[in-house]
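Build the full structure now, drawing on both the sequences and the hints.
In this note's numbering, the protein residues as written are 526 to 677.
Since the hints were derived computationally from the structure, they do not count as laboratory data.
For clarity, every value in this text was computed on a predicted model and none was experimentally measured.
All C-beta atoms, glycine included, are put in the ideal place defined by N, C-alpha and C.
Heads up, some of the hints might be wrong.
Pairwise CB distance ranges, derived in the manner of DEER restraints [to be verified]:
(1) Leu-642 / Asn-546: 30 to 38 Å
(2) Tyr-654 / Ala-619: 16 to 24 Å
(3) Arg-550 / Ile-575: 16 to 24 Å
(4) Arg-593 / Glu-541: 19 to 27 Å
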Amino acid sequence: MSDENTDDELKLSPSEAMAHNSAMRISGARRGAQSTQKTLASIVLGFELIIVVLIGLSLFGLSVLEPRELGLYIGGGLGLLIIVALGVMRVGRAGIVLGWVVHGLMLATAILLPMALIVGLLFSGLWIYCMVKGSGIDRARIAWTESHSDSV
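Below is the structure:
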(Lines of atoms letter the chains of each structure in order from A and count residues from 1; the text may use other names and numbers.)
(Lines give C-alpha, C1' and ligand atoms only; values in the text may rest on other atoms or scores of the structure.)
Protein backbone atom coordinates (compact mmCIF):
# COMPACT_ATOMS: atom_id res chain seq x y z
CA MET A 1 0.00 0.00 0.00
CA SER A 2 2.89 2.37 0.62
CA ASP A 3 3.95 1.95 -3.03
CA GLU A 4 0.59 3.35 -4.16
CA ASN A 5 1.03 6.49 -2.04
CA THR A 6 4.52 7.19 -3.35
CA ASP A 7 3.29 7.03 -6.95
CA ASP A 8 0.75 9.79 -6.25
CA GLU A 9 3.33 12.16 -4.81
CA LEU A 10 4.76 14.89 -6.98
CA LYS A 11 8.54 14.79 -7.27
CA LEU A 12 10.21 18.20 -7.61
CA SER A 13 13.77 18.83 -8.69
CA PRO A 14 15.94 20.66 -6.14
CA SER A 15 15.58 23.98 -7.99
CA GLU A 16 11.80 23.54 -8.33
CA ALA A 17 11.51 22.68 -4.64
CA MET A 18 13.54 25.76 -3.69
CA ALA A 19 11.42 28.05 -5.89
CA HIS A 20 8.20 26.52 -4.58
CA ASN A 21 9.28 26.81 -0.94
CA SER A 22 10.38 30.43 -1.42
CA ALA A 23 7.07 31.40 -3.03
CA MET A 24 5.12 29.63 -0.29
CA ARG A 25 7.17 31.41 2.40
CA ILE A 26 6.65 34.82 0.78
CA SER A 27 2.90 34.25 0.55
CA GLY A 28 2.73 33.33 4.23
CA ALA A 29 1.83 29.72 3.62
CA ARG A 30 4.22 28.48 6.28
CA ARG A 31 1.69 29.67 8.85
CA GLY A 32 -1.30 27.37 8.69
CA ALA A 33 -2.55 25.77 5.53
CA GLN A 34 -0.71 26.33 2.28
CA SER A 35 -2.49 28.52 -0.24
CA THR A 36 -1.63 28.16 -3.90
CA GLN A 37 -3.95 31.06 -4.69
CA LYS A 38 -1.98 33.42 -2.43
CA THR A 39 1.30 32.14 -3.84
CA LEU A 40 0.19 32.80 -7.40
CA ALA A 41 -1.20 36.20 -6.38
CA SER A 42 2.16 37.14 -4.87
CA ILE A 43 3.99 36.13 -8.04
CA VAL A 44 1.66 38.12 -10.32
CA LEU A 45 1.80 41.22 -8.10
CA GLY A 46 5.58 40.98 -7.84
CA PHE A 47 5.98 41.07 -11.62
CA GLU A 48 3.30 43.73 -11.90
CA LEU A 49 5.27 45.97 -9.56
CA ILE A 50 7.98 46.29 -12.20
CA ILE A 51 5.42 47.15 -14.88
CA VAL A 52 3.70 49.76 -12.70
CA VAL A 53 7.01 51.54 -12.13
CA LEU A 54 7.63 51.53 -15.88
CA ILE A 55 4.15 52.96 -16.54
CA GLY A 56 4.88 55.76 -14.04
CA LEU A 57 8.18 56.50 -15.75
CA SER A 58 6.41 56.51 -19.14
CA LEU A 59 3.81 59.00 -17.87
CA PHE A 60 6.64 61.18 -16.61
CA GLY A 61 8.84 60.85 -19.69
CA LEU A 62 6.05 61.50 -22.19
CA SER A 63 4.84 64.54 -20.20
CA VAL A 64 1.29 63.20 -20.26
CA LEU A 65 0.34 65.16 -17.14
CA GLU A 66 1.08 68.65 -15.99
CA PRO A 67 3.18 68.88 -13.85
CA ARG A 68 5.21 65.97 -15.20
CA GLU A 69 5.95 64.62 -11.72
CA LEU A 70 2.33 63.45 -11.38
CA GLY A 71 3.27 60.44 -13.52
CA LEU A 72 5.91 59.49 -10.98
CA TYR A 73 3.45 59.95 -8.13
CA ILE A 74 0.84 57.78 -9.85
CA GLY A 75 3.37 55.02 -10.57
CA GLY A 76 4.85 55.29 -7.08
CA GLY A 77 1.46 55.26 -5.39
CA LEU A 78 0.33 52.21 -7.32
CA GLY A 79 3.67 50.56 -6.58
CA LEU A 80 3.23 51.22 -2.87
CA LEU A 81 -0.26 49.73 -3.02
CA ILE A 82 1.22 46.59 -4.58
CA ILE A 83 3.85 46.41 -1.83
CA VAL A 84 1.13 46.75 0.83
CA ALA A 85 -0.91 44.03 -0.93
CA LEU A 86 2.12 41.75 -0.91
CA GLY A 87 2.71 42.53 2.76
CA VAL A 88 -0.85 41.73 3.85
CA MET A 89 -1.15 38.68 1.58
CA ARG A 90 -0.43 36.60 4.69
CA VAL A 91 -3.41 38.06 6.56
CA GLY A 92 -6.74 36.63 5.47
CA ARG A 93 -8.10 37.81 2.14
CA ALA A 94 -6.88 41.43 2.39
CA GLY A 95 -4.02 40.91 -0.07
CA ILE A 96 -6.32 39.34 -2.65
CA VAL A 97 -8.81 42.22 -2.32
CA LEU A 98 -6.03 44.79 -2.68
CA GLY A 99 -4.82 42.89 -5.73
CA TRP A 100 -8.22 43.37 -7.36
CA VAL A 101 -8.03 47.10 -6.52
CA VAL A 102 -4.55 47.30 -8.06
CA HIS A 103 -5.81 45.74 -11.28
CA GLY A 104 -8.73 48.14 -11.46
CA LEU A 105 -6.42 51.11 -10.98
CA MET A 106 -3.91 49.75 -13.46
CA LEU A 107 -6.67 49.48 -16.07
CA ALA A 108 -7.68 53.05 -15.21
CA THR A 109 -4.20 54.29 -16.16
CA ALA A 110 -5.20 53.54 -19.76
CA ILE A 111 -7.14 56.82 -19.65
CA LEU A 112 -3.80 58.63 -19.42
CA LEU A 113 -1.65 56.22 -21.41
CA PRO A 114 -3.71 54.17 -23.90
CA MET A 115 -0.98 51.54 -24.44
CA ALA A 116 -1.20 50.71 -20.73
CA LEU A 117 -4.55 49.10 -21.53
CA ILE A 118 -2.80 46.21 -23.29
CA VAL A 119 -0.51 45.57 -20.34
CA GLY A 120 -3.38 46.02 -17.89
CA LEU A 121 -5.56 43.54 -19.77
CA LEU A 122 -2.74 40.99 -19.94
CA PHE A 123 -2.00 41.20 -16.22
CA SER A 124 -5.70 41.25 -15.31
CA GLY A 125 -6.24 38.12 -17.40
CA LEU A 126 -3.28 36.46 -15.70
CA TRP A 127 -4.63 37.55 -12.31
CA ILE A 128 -8.09 36.10 -13.01
CA TYR A 129 -6.57 32.84 -14.28
CA CYS A 130 -4.36 32.53 -11.18
CA MET A 131 -7.28 33.27 -8.85
CA VAL A 132 -9.49 30.62 -10.47
CA LYS A 133 -6.81 27.95 -10.83
CA GLY A 134 -5.26 28.68 -7.43
CA SER A 135 -8.56 28.29 -5.60
CA GLY A 136 -9.26 25.11 -7.59
CA ILE A 137 -5.89 23.66 -6.60
CA ASP A 138 -6.48 24.64 -2.97
CA ARG A 139 -9.90 22.92 -2.96
CA ALA A 140 -8.44 19.81 -4.61
CA ARG A 141 -5.61 19.72 -2.03
CA ILE A 142 -8.09 19.95 0.84
CA ALA A 143 -10.23 17.17 -0.66
CA TRP A 144 -7.17 14.98 -1.25
CA THR A 145 -5.87 15.58 2.27
CA GLU A 146 -9.25 14.75 3.79
CA SER A 147 -9.64 11.59 1.73
CA HIS A 148 -6.15 10.37 2.62
CA SER A 149 -6.44 11.27 6.32
CA ASP A 150 -9.64 9.22 6.58
CA SER A 151 -7.98 6.12 5.13
CA VAL A 152 -5.02 6.24 7.51
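Which hints, by number, does the structure contradict? Structure breaks hint 4 only.
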